[in-house]
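Peer 1: Here is what each chain is made of, one letter per residue.
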Amino acid sequence: MDNPTEQQDREDTLKGVGCSRRRKEDARFVQGTGRYTDDIKLPGMLFADMVRSPYAHARIKSINKEKALALPGVHAVLTADDLKPLNLHWMPTLAGDVQAVLADEKVHFQYQEVAVVIADDRYIAADATELVEVEYEELEVLVDPHRAMDADAPILREDLVGKMDGAHSVRVHDNHIFNWQAGEKDATDRVFEQAEVTVKQDMYYPRVHPCPMETCGCVASYDKINEHLTVHLTSQAPHVVRTVVSMLSGIPESRVRIVSPDIGGGFGNKVGIYPGYVVSIVASIVLGVPVKWVEDRMENISTTAFARDYHMTGEIAADSEGRIKALRVNVLADHGAFDACADPSKFPAGLMHICTGSYDIPVAHLNVDGVYTNKAPGGVAYRCSFRVTEAVYVIERTIDVLAQKLGIDKAEIRRRNFVKVEQFPYKTCLGWELDSGDYHTALEKVLNAVDYESLRREQQEKRAQGELMGIGLCTFTEIVGAGPSRNCDILGVGMFDSAEIRVHPTGSIIARMGTITQGQGHQTTYAQIIASELGISSDDISIEEGDTDTAPYGLGTYGSRSTPVGGAATAVAARKIRAKAQKIAAHLLEVSENDIEWDIDRFKVKGVPGQEKTMKEVAWAAYNNVPEGMEPGLEAVDYYDPPNFTYPFGIYLCVVDIDKSTGETSVRRFYALDDCGTRINPMIIEGQIHGGLTEGFAVAMGQEMPFDEQGNLLGNTLMDYFVPTFVETPHWETDYTVTPSPHHPLGAKGVAESPHVGSIPCFTSAIVDAFSHLDVTHMNMPHSAYRVWQKVHELGLDSPV
Amino acid sequence: MIPAQFEYHKATSIQDAIAQLGAHEESKLLAGGHSLLPMMKLRFAEPPHLIDINGIEELRGIRLDGDTICIGAMTTENELIQSEILQQHCPLLVEAARLVADPQVRNRGTIGGDVVHGDPGNDHPAVMLALDATLVLHGPDGERQTPANGFFLGTYWNDLQEHEILVELRVPVIKKGVGHGYHKLKRKTGDYAVAASPVVVELDGDVCRDIRIALTNVAPMAIRAEAAEAILRGKAIDEALIDQAAREVVAACEPAEDLRGDALYKSNMAAEMARRSIRAALQQARG
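Residue numbers (the numbering used here), protein chains in the order written: chain Y, 1 to 801; chain X, 802 to 1088.
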């Protein structure tokens, strides 16, 4: 008989799936021995710094480098004219557009890269940027995207004038980038015409910035002798960068090595390929020495990819009981001066068509127009899976408005519209197949946990006393794990991911993946997956990522895709190893493979106690005693092309109290229930959720990138840009249900972005709820004290002075 | 984020610092550096010479001299917070220092630097006005003392004379019947005030014998809301009078619009902070 205690001990020793083991990477991080891009110092390394435009829209009349070149220690000053012979003054974007590497005759946004200085150190480089004399002729600036397609709007992209065949659609105006639609327009319109009730809400999702603690940077090092280029850079997708660098430079991909070392947070900001990388590579090739470029905080917020900037209108048609009959969403997307959105190629609005949310909606139509403005390019998924944040925001806000109009409680209206547990897998009217979910159970769990009814009673009492208390609710469905290569690719490369696992003779393991951790804890979670699959302790499993010379090709880490795709590849590769190991075990135990069963960390002969071989013993045998005809060794590779996305979901509830005198919001409670399927490391999940909620709090309550009429970015320092500290951050209460994904090898769905995606509309829902008895249906973010006070003042609720 | 070239000089004594100020054209004193260095990194300020006064011990420390507390100009915010003398005899300074910026800044930033830097967002000028402090200044011609009231003339503009150094700040100890109040609204840790208001009230029984209401970051420099004070002085202060005074606070403000808010919001917040500080000061004064 198996001894349960003994089995539990062996299980515990593995520290595998389900174990809240400590993170393997933290010892070096908490001791300050992480190695980031800016820690890399190579012999003879020079430094790059940018000359940037003070204007948002201007013609460059002349650039005079002489004074800068005369400064001792300056090696080169490069402009678009210097890059032209190499055809590198423009580069392709991930979205099918082109982007100026250095401004070519015109600047299109404030802080745009105009010239780069290469110098002995960053102090000389900074001094020299001030000596580059650029003469500008200011042009009319286009800031408001609603004006972009006016007949008299200034034309931004002279390079595209008359080219009305855009990357994703016909362009109807020179400032138009694309029109993209999903769903059935006519059928949707017909439902709206006949509906008992309709609601319509305009909302703006502000331009924000992911603002990782580590800014973007690189060290480019070209070896002239071996014609080999090595670039250390802050990239969430190093393999894709290698492909792009090879395509741009003409250097064979086999002689390009991209290394993403430790990364201090990405959040989408480190997906793109930026002018700083390109000019550093060019400079290293030209000068024959390594060149480092690291942006400062203002450059980071001002120029490397922003997120959101969606002007949205949500409309719902429903019956008088609040059952949704149709959804209509219109979006005006401000992409800035170049379309450098990071989305799968076929989706210029990302996965925005997940906007039917958690609800059973018969028909819907989504219409998105992207336009150019005089702002920095970007449009990345800020802790989000390709516009799902915007999609969740529009549906969650609009269903709240419907509830308000009908006088139905916002929890009840969701109950009436949720996809039911028996409907999964559920095909949405906009084409997605939600893999699994149980929304009703999760909602009731949250409502019970917070005693929702008594909160509502308290709110009534508070309102009677003239106080402002709000209860927010968000019941969201995420779409992560991009994605199936039939509909997802980046520059033509399918969005699979990969794992390569090697079991060493003494039974320890090294594994490499195509993803790259930026704080997510891959070195721990991947090791836990392998530990459970192969019966080797996660302590003895090393995980390496980010070096394209050693790791298998993968599409990288963003959109919560590491566990859904990379984690699946890891599990499948481990299972290939276990299948081979089973054959070796059968050989060692001299029985048929069919007589062998797996038990935690060993193979046993069925029904014969004591006849067993541990995985460690099998590993040793793999190198000296394999069955005849079998090749030695114990390793496997898997490239995993997921059959579907995964659809984590969550139920978030927030209680706020608003100070009418100052407009300050106090978050009294935030209760977050997440369902990410199988939970690999609950402690890491908890950490991810705390981080995501905190970033969601930041976006909802304070982050924005405001521009004045001249296109000047106001607030590009951490004095103005809101990154909350512990002092501002609310207390988080977390909870979970487990609804495994039916198609993922482990049933895991991914979690890092859910708390960001779900919390933001929850905060807005709570703030608006505080004013909902006064017929307020929506308030735009950020819900700073200043803005909330303006609403208080407008409604005459503040104490008179 | 790279400053322009500058020369660094270390001063060994107050006299040496004054001499170096005279010797180097357009030189700036380096105290805590948490306002000056960011400005230099942004190249908003490009002083060719920095004279570091961090090594001058006589500029540091807090001592009691009868009814007066003498605070060395180079005393850090954190030292103000930790000071038992201040905790006991001048709670306003402790409360104000606690709300300055963030812990890193409070470890380096000095009260003297904050008082003379000249940014209307600095916290201590208004505190000095409310406390009716005296500034002790040393210059090439020796020492002079001047009241804080009248010292602040505008943004980056005050009565500090050429080659003068602020050496000490002198504030009265709090007495029976006197109350301090301090409220500050800021967007987040590390930010300057949207508005802040230190208040000192002296009661004679129920009657307000004197009151000083000062305001931070709602004018080109720290100011006193004198019309508001006049409404309360000589009266038994009640909520209706506080409302009246709050209206005068709004009238006294002339804030610049920025991302913290427009003039309407900032003036109203100044009034709200003053209102709260008056209430707190009254409560303390009443014991």
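Everything labelled a hint here was simulated from the structure, so no lab data went into it. Please note that a few of the clues may not be correct.
[Stated by the list, open to error] Partial list, derived from the structure: chain Y residues whose beta carbon lies under 7 Å from chain X:
{"#": "1", "residue": "120"}
{"#": "2", "residue": "123"}
{"#": "3", "residue": "661"}
{"#": "4", "residue": "712"}
{"#": "5", "residue": "727"}
{"#": "6", "residue": "730"}
All C-beta atoms, glycine included, are put in the ideal place defined by N, C-alpha and C.
Peer 1: If a hint holds in the structure, say so; if it doesn't, say that too.
Peer 2: These are the hints, each one checked on the structure:
1. 120: This interface hint is violated because 13 Å lies over the 7 Å limit.
2. 123: holds (5 Å)
3. 661: holds (5 Å)
4. 712: violated (12 Å)
5. 727: Holds. Min distance 5 Å.
6. 730: violated (13 Å)
Against the hints set out earlier in the document, violations occur for numbers 1, 4 and 6.
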